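With these hints in hand, go ahead and build the complete structure from the sequences.
Residue numbering for the sequence shown follows our numbering, beginning at 73 and increasing consecutively.
Derived by calculation from the structure, the hints in this document are not laboratory data. Quantities reported herein were computed from a predicted structural model and do not represent experimental measurements. Do not take every clue at face value.
[Unchecked claim] In silico PhoX-like pairs for lysine-lysine, Cα to Cα no more than 25 Å straight-line: (1) K365 with K276; (2) K97 with K185; (3) K170 with K365; (4) K170 with K339; (5) K364 with K374; (6) K374 with K165; (7) K167 with K364; (8) K311 with K171; (9) K364 with K311; (10) K298 with K170; (11) K178 with K317; (12) K165 with K371; (13) K167 with K339; (14) K449 with K97; (15) K143 with K339; (16) K178 with K165; (17) K317 with K364; (18) K167 with K178; (19) K449 with K99; (20) K171 with K371; (21) K276 with K167; (22) K171 with K365.
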Amino acid sequence: MKTMTWLLVLLLVWFAVFLTTIDLKIKLSLLILSLCVILWTSEIVPLWVTGLIPLVAAPLLGLTSFLDVAKNYFSGVLLLFISGFIFSSAVSKWKIDKKVVFSILKIFGKNAKLTILGVILSTALLSTFMANTTATALMLPIGLGILTAIKNEGKGYRTYLLLTIAYSASIGGTGILIGTTTNLIGAEYMMREGISTGFMMWAKAVMPFTLILLFVLWLYMSWRTKMPEKIVVKVEDIKLSHEAKLVILVLVLTVLAWLFRPYISEKIGFQLNDIMIGILGSFSLFFIQSNKKSILRLKDAKIPWNIILMIGGALALGNVLLNVGVSDLFIQVMGFLPKDELVFLIATAVIANFSTELISNTALSATLIPVIVQFYKYAGFNPFLGILTVAVCSDMAFMLPIATPPNAIVVRSRYVNFRNMISYGFFLNIITIVLWVLYAWVVL
Numbered sequence: 073m074k075t076m077t078w079l080l081v082l083l084l085v086w087f088a089v090f091l092t093t094i095d096l097k098i099k100l101s102l103l104i105l106s107l108c109v110i111l112w113t114s115e116i117v118p119l120w121v122t123g124l125i126p127l128v129a130a131p132l133l134g135l136t137s138f139l140d141v142a143k144n145y146f147s148g149v150l151l152l153f154i155s156g157f158i159f160s161s162a163v164s165k166w167k168i169d170k171k172v173v174f175s176i177l178k179i180f181g182k183n184a185k186l187t188i189l190g191v192i193l194s195t196a197l198l199s200t201f202m203a204n205t206t207a208t209a210l211m212l213p214i215g216l217g218i219l220t221a222i223k224n225e226g227k228g229y230r231t232y233l234l235l236t237i238a239y240s241a242s243i244g245g246t247g248i249l250i251g252t253t254t255n256l257i258g259a260e261y262m263m264r265e266g267i268s269t270g271f272m273m274w275a276k277a278v279m280p281f282t283l284i285l286l287f288v289l290w291l292y293m294s295w296r297t298k299m300p301e302k303i304v305v306k307v308e309d310i311k312l313s314h315e316a317k318l319v320i321l322v323l324v325l326t327v328l329a330w331l332f333r334p335y336i337s338e339k340i341g342f343q344l345n346d347i348m349i350g351i352l353g354s355f356s357l358f359f360i361q362s363n364k365k366s367i368l369r370l371k372d373a374k375i376p377w378n379i380i381l382m383i384g385g386a387l388a389l390g391n392v393l394l395n396v397g398v399s400d401l402f403i404q405v406m407g408f409l410p411k412d413e414l415v416f417l418i419a420t421a422v423i424a425n426f427s428t429e430l431i432s433n434t435a436l437s438a439t440l441i442p443v444i445v446q447f448y449k450y451a452g453f454n455p456f457l458g459i460l461t462v463a464v465c466s467d468m469a470f471m472l473p474i475a476t477p478p479n480a481i482v483v484r485s486r487y488v489n490f491r492n493m494i495s496y497g498f499f500l501n502i503i504t505i506v507l508w509v510l511y512a513w514v515v516l
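This is the structure we're talking about:
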């Protein structure tokens, strides 16, 4: 039944597209886009299968060449993404993630509000160097463990705690370049536009906003929820092994290399980039030995190839849409907007934020960013703010379970229902848009 419903939606979209008078190539590209978006949203077929559709469909329909599409599946940002997942695998294998979480929770004691702040910081920190799905899956049992000690009067707190885990996982990933796929896609288009980007630039531009939004999340959720008087947090005493310390050392050295890349490049007389550093750091984990064994082996490296092919497909879609002139169509449709950069910023934030409630943030950012770039250039503005806005706001979906994996995970816990999520999430979406527009306009 679910499959038939999605098929009906797809047919209605295709019918609507064919009724328009737009160019045939634009129609065909929109057909591919709608097919991929619906398949990614419904997951009727594996994500990687859908990701490969543009590779075959675009050349067959004469929209672009095979090589022009194929290059999107091996872009630099995907290599950086792979490096991030290798580090994430090593961190999980040696329980560094749990050590970080319990160390933070131990600081905040038995105060209900402060414990939530500890949960927010823990989840967000995990989400900066591992997938938000993984961070949520790790934090959920810890959150449920806290809830077992709460009596019936703490029911509102249960919803609050689990929603906070989901929301902080989504927010935390925006702070650094490798934290989420939308960041990497944004960086890819910045490079294509000749805009200087990298680990340090992204952190300087977005991390302050991430921290502000996490603090606002804590205040907002605390204001809306009745707190229990006392809670109990069971903290495990995890000791770091020798292998864990080696992983931390490599991770710290890699981050330092990212931060001081220009200085290092100058000293060695060779221009390094973040991708080289990420590959060198993550791949070294396979070579470093402890007790005559590598601290990370191939079977330990949980690289999500389905997500990587999905990102490649999303980038390919964006490239196809750009080639056939969808951006020109968008400019015509949105031509009623005054050529004011603040108006453009607000419109971009609203479109990116609310669209991602129904569309995969990866697909949305990869297809919307190239269109927004042309829109900003048409108006005579630097596309930097537009790219950054789509990358950040398309990750901030708080209303619907289908919007992000963290949202879906906490709804399955049965402590959070559909109505709770919409109630909390709608206003948080509005708060996020307002905060981002103010931050981007004043600071950036």
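Notebook entry, point to check: If you check each hint against the structure, which ones fail?
Noted result: As far as the earlier hints go, 1, 2, 4, 10, 13, 15 and 21 are violated by this structure, in ascending order.
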